[in-house]
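K.L.:
The lines below spell out each chain.
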Amino acid sequence: MTRRFANLNFARQILPAIALLGLVIAVIFIASGLPDRQLEPPQQTPPRATGALANSARVAGAGVVEPSSEIVDVGTALSGLVMQLNVQPGAYVAKGDLLFTVDDRAVRARLAEAEAAIGEARAAIGEADAARITAQRQLALYRQVDDAEAVSRTEVVRAEGEAAAATSRLALARARLAAASAAAGSARTELARLAVRAPIAGEILAVNIRPGEYVQAGGPQGGNAEPYIRMGETRPLHVRIDIDEDQAADVALGANAIVSPRGAAERQVAARFVRAEPLVVPKRSLTNSAAERVDVRVMQIIYALPAGSDLFRVGQQVDAFIPAKAPSGARK
Amino acid sequence: MVWIAIRMLTGDATKFYGLLFGIAFSTLLITQQLTIFVNLIERGASGVYNVPSADVWVMDPVSRTTDVNLPMPSTALDRVRSVAGVEWAVPHLRAAASVRTKEGDLEGVSVIGVDDATLIGLPRRMASGAADVLERPDAVVIDDVGTTRFFPEGYDPVGERLELNDQRAVIMGVADAIPSFTSQVTLYTRYSRALNFVPGTRNRLSFVLVGAAPGVDAKALATRITQDTGLRARTRDEFARDGVDFIIENTGIPLNFGITVLLGFVVGVAIVGLTFSLFIRDNIKQFGALKAIGVNNAKIRRMVAAQAAMVGLIGYGLGVLGTVGFIWGFSSNPTFKGFYIPWQVPLISLVAVALILALTGWIALRRVLKTEPAAVFR
Amino acid sequence: MSAAADTATAIAAISTRGVARDFTAGQQTIRVLHGIDLDVRAGELTYLVGESGSGKTTLISIMCGILWPTEGEVRLFGTDIYRLSDSDLVDFRLRNVGFIFQQYNLIPAIDAASNAAVPLIAQGMDRLEARERAIELLAALNIAAQADKLPNQLSGGQQQRVAIARALVHQPRLIVCDEPTAALDARSGRRVMDLLREVALADDRSVIIVTHDNRIFDLADRILVLEDGRITHDGRDMPKDH
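Residue numbers (the working numbering), protein chains in the order written: chain F, 110 to 441; chain G, 3 to 380; chain L, 37 to 278.
No lab work stands behind these hints: they were computed from the structure.
This structure is a prediction, so every number in the text was calculated from the model and none was measured.
Treat the hints loosely; a few may be bogus.
What follows is a list of derived Cβ distance ranges for each label pair [claimed, not checked]:
id, chain 1, residue 1, chain 2, residue 2, range
1, L, Arg266, F, Leu117, 32 to 40 Å
2, G, Val268, L, Glu168, 32 to 40 Å
3, F, Ala416, G, Pro63, 21 to 29 Å
Cross-link-like lysine to aspartate or glutamate pairs, in silico, DMTMM-like; alpha carbons within 20 Å at most [said to hold, decoys possible]:
id, chain 1, residue 1, chain 2, residue 2
4, G, Lys221, F, Glu149
5, G, Lys104, G, Asp62
6, G, Lys221, G, Asp244
7, L, Lys185, L, Glu165
8, G, Lys301, L, Asp162
9, F, Lys434, G, Asp230
10, G, Lys301, L, Asp122
11, G, Lys301, G, Glu374
12, L, Lys276, L, Asp264
13, G, Lys287, G, Glu374
14, G, Lys221, G, Glu374
15, F, Lys392, F, Glu175
16, G, Lys287, L, Glu215
17, G, Lys372, L, Asp257
18, G, Lys287, G, Asp62
19, G, Lys221, G, Glu240
20, L, Lys185, L, Glu215
21, G, Lys372, L, Asp264
22, G, Lys104, G, Glu162
23, G, Lys301, L, Asp264
24, F, Lys392, F, Asp419
25, F, Lys204, F, Glu179
26, G, Lys372, L, Asp162
27, F, Lys434, F, Glu375
28, G, Lys221, G, Asp247
29, L, Lys185, G, Asp14
30, G, Lys301, L, Asp257
Chain F regions said to be covered by chain G (calculated; three or more residues, Cβ under 8 Å) [unchecked claim]:
id, segment
31, 133-139
32, 168-179
33, 201-213
34, 282-293
All C-beta atoms, glycine included, are put in the ideal place defined by N, C-alpha and C.
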């Protein structure tokens with residue numbers, strides 16, 4: 110054995126061994142170096158149609174969660190400073206509940222003024238009435254005296270004038286009372302208008318005013334000003350799903366849709382069909398770009414989300430799958 | 003007799019090593035050039051292979067490759083989602099943009115917008131940082147080869163700021179990706195961010211990436227998507243092939259490499275053929291004597307075949323080893339990132355070696371077989 | 037007829053009948069052998085002598101089965117060898133004929149023992165066993181010490197002994213020897229011839245030696261002289277005019 114080992118020949122033994130070893134190394138290198146092009150499932154679940162829709166005709170759409178009343182942007186009838194804010198976001202209010210009040214000091218001053226004027230008018234009425242009674246009694250007295258010498262003609266005329274003047278003053282004072290009462294009523298109405306109340310029962314979604322801020326009757330002014338208070342009926346919530354107009358004809362209207370929020374695609378709920386909007390609108394793009402141009406129009410379908418789910422919030426984007434109509438024989 | 007043949011072969015060291023050199027050189031040239039060729043043109047498909055989870059790519063009918071694409075309206079996503087057999091579909095944006103680096107240089111980059119919610123579209127692995135760094139505001143992930151083009155060697159780019167389309171972008175991670183054919187810097191970001199980074203036209207959705215439902219064949223699904231939506235749908239392999247074909251059609255690479263491979267073959271035939279002929283000529287008397295003694299032609303053929311096999315085995319082994327060494331040696335170079343030896347390439351060079359040896363061995367053998375045993379008495 | 041022909045053991049090892057051979061050179065056809073009828077007996081050392089061009093190489097090639105005659109038949113130990121198929125003929129040679137070439141034609145890359153073992157290896161014997169057998173024979177030829185040496189490490193005489201061993205190792209019945217003494221001085225030549233007679237010649241084996249070396253003519257059992265393709269002399273001694 111040792112002799113053979115000593116006779117180890119480079120060309121005949123070592124070289125082929127190197128070559129074979131090289132081939133083994135090459136095989137290992139090549140096998141381990143092959144690129145990993147295996148398909149793998151995504152790490153997070155993307156939105157997918159499940160259940161009966163998984164492998165049947167369907168229409169997919171994206172949409173936004175909204176209150177069933179749609180969003181009400183509450184404004185103010187009168188401009189002024191906000192004095193008092195009665196609600197917080199998330200509060201559930203009944204119809205007519207006070208939301209906030211606008212500065213009413215000026216109106217209240219006007220009311221006080223009007224009420225003073227009413228008092229003054231009432232006093233004037235009393236005074237005029239008294240004067241008229243005095244004048245009429247004096248005039249009656251003069252009329253009872255037959256002796257022409259005893260009462261001069263002049264005296265009689267003066268007494269008649271005084272009585273007429275007193276009657277007029279009374280009418281004037283009555284008119285002033287009416288005017289002052291009207292002013293007071295107007296001030297009271299204005300006072301009521303300065304208190305903003307909930308137009309419907311619903312949830313306060315956003316409050317963008319704070320006491321001391323100025324609200325304007327025409328709504329918020331300026332490019333990106335936000336509505337003062339946003340509210341809506343969130344029991345139940347609706348979703349407004351956009352369907353490409355190309356596919357609008359395929360939708361099975363009336364069927365329930367499978368809806369999942371963005372980012373939680375595995376949590377799907379069945380949403381009940383409410384209505385399809387009769388108007389096809391340009392796609393409202395959610396791309397945030399200011400200079401968005403559109404050439405795609407979408408049909409909007411409203412679905413009601415099941416009650417009691419805390420999964421959805423107003424304004425959230427959702428993905429939806431809606432069953433399609435059974436394909437008609439005409440399409441071949 | 004095979005033993006004698008091998009002894010005869012190795013007994014003449016000069017010619018033996020000449021033959022080995024010829025085969026090893028041919029193998030090295032063919033294997034190495036084919037490897038580089040395959041890897042280079044497969045760079046055309048890197049965009050497809052970097053997305054590990056999409057079974058089908060859906061695009062505008064005129065789009066050709068990951069880089070040559072026409073964006074679609076955003077509702078295309080919903081139309082694709084409506085197709086039965088589609089497990090999921092997510093938007094994917096690919097566009098070119100210019101980036102201002104900290105030094106103020108302008109660099110062309112390709113921006114890839116991946117699905118906001120699932121991050122489908124990111125490469126399989128991250129070289130640094132986790133994939134979910136993209137959730138952070140203004141976050142982008144740069145590819146590792148791109149890092150070397152933007153920053154000095156060994157520099158950690160995480161935290162660096164870039165300016166893209168007047169928007170701020172912060173590098174939050176480095177993706178482990180195969181570079182594109184042009185080795186352009188690639189920035190990954192979320193789809194919604196990408197829309198801001200890329201100067202926009204009205205349609206922005208470059209691709210819809212589709213996962214097939216379990217049990218649904220990708221090819222059948224692609225056909226159905228095309229039928230239902232009118233969009234072009236390609237399976238992953240088809241689309242990778244499209245990228246490769248695009249490079250083949252639009253560059254001179256196949257011709258150049260083809261010439262080199264052919265040269266390798268010709269050089270192999272020349273060196274091995276000449277040396278083998280010389281070797282046989284030197285040994286023709288011995289072969290004649292063997293024939294006279296009574297070694298039949300079948301045994302002679304076996305002897306020459308054994309010699310050819312020996313030369314082939316060693317030469318081929320050394321040549322392949324050389325290629326492996328080359329690829330291994332350059333594996334850390336960003337230019338060669340992701341280079342691998344496709345298993346078909348060594349087989350092709352093995353066939354080439356076999357052809358070279360068969361051709362030269364046949365010519366040499368013909369001479370031996372034609373030798374009259376009676377010639378030994380002259 | 038010589039005395040050896042009368043012995044009972046000396047059967048006709050080789051017999052040729054009407055062997056003729058043509059060679060074509062350009063448009064000319066030259067007949068180099070003209071109907072050779074010849075019987076070579078076993079147990080004899082037979083010389084084939086002739087000038088170069090006399091056809092002795094052609095005749096010996098035909099007699100040992102490596103060159104097809106144009107006409108006639110050759111029987112080796114009763115087998116009509118040119119009626120055998122090509123491969124059977126090759127196999128026949130491998131089992132029945134031993135060759136000693138003028139330039140020995142040893143394989144330079146393998147050692148003496150392996151060279152001597154080549155016919156056995158070609159017959160399919162295991163290489164190491166064949167070597168053992170060859171080494172025994174080399175010992176009989178007194179060069180066992182050189183068994184592990186390559187041919188180019190051996191002297192001319194040693195190489196020839198290896199060549200002889202190769203011709204004998206498979207115990208053929210016919211040994212053909214081409215100019216065995218041409219490259220040797222007179223003494224070595226005689227020693228080789230002695231050796232051949234000693235180890236090669238046997239009752240059932242014939243040895244044919246092609247030579248024109250007149251120094252060893254006296255060692256033959258039978259001398260055949262070939263001139264212009266015809267046998268002109270057949271006897272124990274050379275004719276006087278040579």
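K.L.:
Determine for every hint whether it applies to the structure shown.
P.N.:
Verification of the supplied hints:
Checking the proposed 32 to 40 Å range against L/Arg266 and F/Leu117 shows it is violated: the Cβ atoms sit about 59 Å from each other. Against the hinted window of 32 to 40 Å, the Cβ-Cβ separation of G/Val268 and L/Glu168 comes to about 48 Å, which falls outside the hint. F/Ala416 and G/Pro63 have their C-beta atoms about 45 Å apart, which leaves the hinted 21 to 29 Å range violated. Of the pairs offered as hints, the one joining G/Lys221 and F/Glu149 holds, with about 17 Å between alpha carbons and a cut-off of 20 Å not exceeded.
About 36 Å separates the Cα atoms of G/Lys104 and G/Asp62, which puts this hinted pair outside 20 Å; it is violated. Between G/Lys221 and G/Asp244 the alpha-carbon distance is near 15 Å, which keeps this suggested pair within the 20 Å criterion. In summary, the hint linking L/Lys185 to L/Glu165 is supported, as the alpha carbons are separated by about 18 Å, within the 20 Å threshold. Between G/Lys301 and L/Asp162, the direct Cα distance comes to roughly 15 Å. Compliance with the 20 Å bound is thereby established for this hinted pair.
The suggested pairing of F/Lys434 with G/Asp230 holds, with an alpha-carbon distance near 14 Å, which does not exceed 20 Å. The suggested pairing of G/Lys301 with L/Asp122 holds, with an alpha-carbon distance near 14 Å, which does not exceed 20 Å. For the proposed pair G/Lys301 and G/Glu374, the alpha carbon gap of about 16 Å is at most 20 Å, so the pair holds. Between L/Lys276 and L/Asp264, the direct Cα distance comes to roughly 19 Å. Compliance with the 20 Å bound is thereby established for this hinted pair.
Note on G/Lys287 and G/Glu374: the hinted pairing holds, with a Cα-Cα distance of about 10 Å set against a maximum of 20 Å. For the hint linking G/Lys221 to G/Glu374, the alpha-carbon distance of about 64 Å lies beyond 20 Å, and the restraint is violated. Restraint check for F/Lys392 and F/Glu175: satisfied, since their Cα atoms lie roughly 17 Å apart, inside the 20 Å limit. Proposed proximity of G/Lys287 and L/Glu215 is supported: the alpha carbons are some 17 Å apart, at most 20 Å.
Between G/Lys372 and L/Asp257 the alpha-carbon distance is near 37 Å, which puts this suggested pair outside the 20 Å criterion. Between the alpha carbons of G/Lys287 and G/Asp62 the distance comes to roughly 73 Å, so the proposed pair goes past 20 Å and is violated. Between G/Lys221 and G/Glu240 the alpha-carbon distance is near 9 Å, which keeps this suggested pair within the 20 Å criterion. At roughly 25 Å between alpha-carbon atoms, L/Lys185 and L/Glu215 are farther apart than 20 Å, so this suggested pair is violated.
With a CA separation close to 28 Å, the supplied pair G/Lys372 and L/Asp264 exceeds the 20 Å bound. Of the supplied pair hints, the one linking G/Lys104 and G/Glu162 holds, its CA atoms being roughly 8 Å apart against a limit of 20 Å. With a C-alpha separation of about 37 Å, the suggested pair G/Lys301 and L/Asp264 falls outside the 20 Å cut-off, and the hint is violated. Taken as a hint, the F/Lys392 and F/Asp419 pair is broken in the structure, with Cα atoms around 28 Å apart against an allowance of 20 Å.
For the given pair, F/Lys204 sits about 16 Å from F/Glu179 by alpha-carbon distance, which is consistent with the 20 Å threshold. A hinted pair counts as satisfied when its Cα atoms are at most 20 Å apart, and G/Lys372 with L/Asp162 does not qualify at roughly 29 Å. Proposed proximity of F/Lys434 and F/Glu375 is contradicted: the alpha carbons are some 25 Å apart, above 20 Å. The hinted pair formed by G/Lys221 and G/Asp247 meets the criterion: a straight-line CA distance of about 19 Å does not exceed 20 Å.
For the proposed pair L/Lys185 and G/Asp14, the alpha carbon gap of about 16 Å is at most 20 Å, so the pair holds. Restraint check for G/Lys301 and L/Asp257: not satisfied, since their Cα atoms lie roughly 38 Å apart, outside the 20 Å limit. Counting residues of the segment 133-139 of chain F whose beta-carbon sits less than 8 Å from any beta-carbon of chain G gives 4, enough to reach three: the coverage restraint holds. Against chain G, the segment 168-179 of chain F contributes 4 residues with a C-beta closer than 8 Å to a partner C-beta. That satisfies the three-residue criterion, and the hint holds.
Given a C-beta distance limit of less than 8 Å, the hint that chain G covers the segment 201-213 of chain F is violated, as 0 residues qualify and 3 are needed. Interface restraint, the segment 282-293 of chain F with chain G: violated (0 residues with C-beta to C-beta distance below 8 Å; minimum three).
Of the numbered hints stated above, those contradicted by the structure are hints 1, 2, 3, 5, 14, 17, 18, 20, 21, 23, 24, 26, 27, 30, 33 and 34, listed in ascending order.
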